[in-house]
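Q: Modelling step: build the complete structure from the supplied sequences, incorporating the hints.
Numbering (the working numbering), first residue to last: 51 to 221.
Please keep in mind that the hints were generated in silico from the structure rather than gathered at the bench.
Hints are not guaranteed to be accurate.
[As the list claims (entries may be wrong)] Think about it this way: if two alpha-carbon atoms lie no more than 30 angstroms apart in a straight line, the pair counts; the simulated DSBU-like pairs of lysine-lysine are: (1) LYS85 with LYS159; (2) LYS153 with LYS85; (3) LYS153 with LYS171; (4) LYS159 with LYS81; (5) LYS205 with LYS171; (6) LYS95 with LYS205; (7) LYS205 with LYS153; (8) LYS85 with LYS95; (9) LYS81 with LYS95; (10) LYS81 with LYS153; (11) LYS153 with LYS95; (12) LYS85 with LYS205; (13) LYS205 with LYS159; (14) LYS81 with LYS205.
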Amino acid sequence: MEQSDAQERIESIARTMVSAFGLELWGVQYKPSGKRGVVRVFLDKPGEGEVDVDECARVSRHMSVALDAEDIVPGRYTLEVSSPGLERIFFNLGQLAGYEGRKVAIVTKDPLYEEEFPGRKRYAGRLVEVADAGIRLDPGEGVGPLEFPWTEIEKARLVHEFDEKAKAAKK
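A: If you want it as structure tokens, here you go:
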């Protein structure tokens, strides 16, 4: 089975499993490897709630049985089930909505903005806007916001910023 087919089947099983527990599927990563592949399942809770360890463990147990029964992942594999975390990866453009004003790091498939940033594929900055086809990001490096089509983004994640007042109070 090809990696993309396996990824789709894993996502389908995860989506069904997760919704049965009243949770949302944030995303799935499948990395086949020589001796041991890795399947990562990221859970979120509708609304403002947080996913707890017991929920992750319950989904993990059921996912493991389902993946073994379907024989999707060849050979041995590691299954990791967790919340997306503070520095969550964004799996689709819609997930970025609501994060405007927050710091985001992206990796593009190819270098963009060759004139301003020759050869650069990694960018970080404030998320200015989420549009139908991409995002606008302000890198804060003396240039205005830059536009990135979602089709050109290989990876996007939230960058957690620690509260400066809290850091100063600990000193």
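Q: Give a verdict on every hint.
A: Hints versus structure:
At most 30 angstroms may separate the alpha-carbon atoms for a hinted pair to count; LYS85 and LYS159 meet this at roughly 28 angstroms. With a C-alpha separation of about 37 angstroms, the suggested pair LYS153 and LYS85 falls outside the 30 angstroms cut-off, and the hint is violated. A hinted pair counts as satisfied when its Cα atoms are at most 30 angstroms apart, and LYS153 with LYS171 qualifies at roughly 17 angstroms. For the hint linking LYS159 to LYS81, the alpha-carbon distance of about 18 angstroms falls within 30 angstroms, and the restraint holds.
Of the supplied pair hints, the one linking LYS205 and LYS171 holds, its CA atoms being roughly 10 angstroms apart against a limit of 30 angstroms. Using a Cα cut-off of 30 angstroms, the hinted pair LYS95 and LYS205 holds, with the two alpha carbons roughly 22 angstroms apart. Simply put, LYS205 and LYS153 have alpha-carbon atoms about 14 angstroms apart, close enough for the 30 angstroms limit, and the pair holds. A distance of roughly 33 angstroms separates the Cα atoms of LYS85 and LYS95; the hinted pair therefore is violated under the 30 angstroms criterion.
Between the alpha carbons of LYS81 and LYS95 the distance comes to roughly 25 angstroms, so the proposed pair stays at or under 30 angstroms and holds. Simply put, LYS81 and LYS153 have alpha-carbon atoms about 27 angstroms apart, close enough for the 30 angstroms limit, and the pair holds. For the given pair, LYS153 sits about 22 angstroms from LYS95 by alpha-carbon distance, which is consistent with the 30 angstroms threshold. This hinted pair checks out: LYS85 and LYS205 have alpha carbons roughly 26 angstroms apart, not beyond 30 angstroms.
For the given pair, LYS205 sits about 9 angstroms from LYS159 by alpha-carbon distance, which is consistent with the 30 angstroms threshold. Of the pairs offered as hints, the one joining LYS81 and LYS205 holds, with about 15 angstroms between alpha carbons and a cut-off of 30 angstroms not exceeded.
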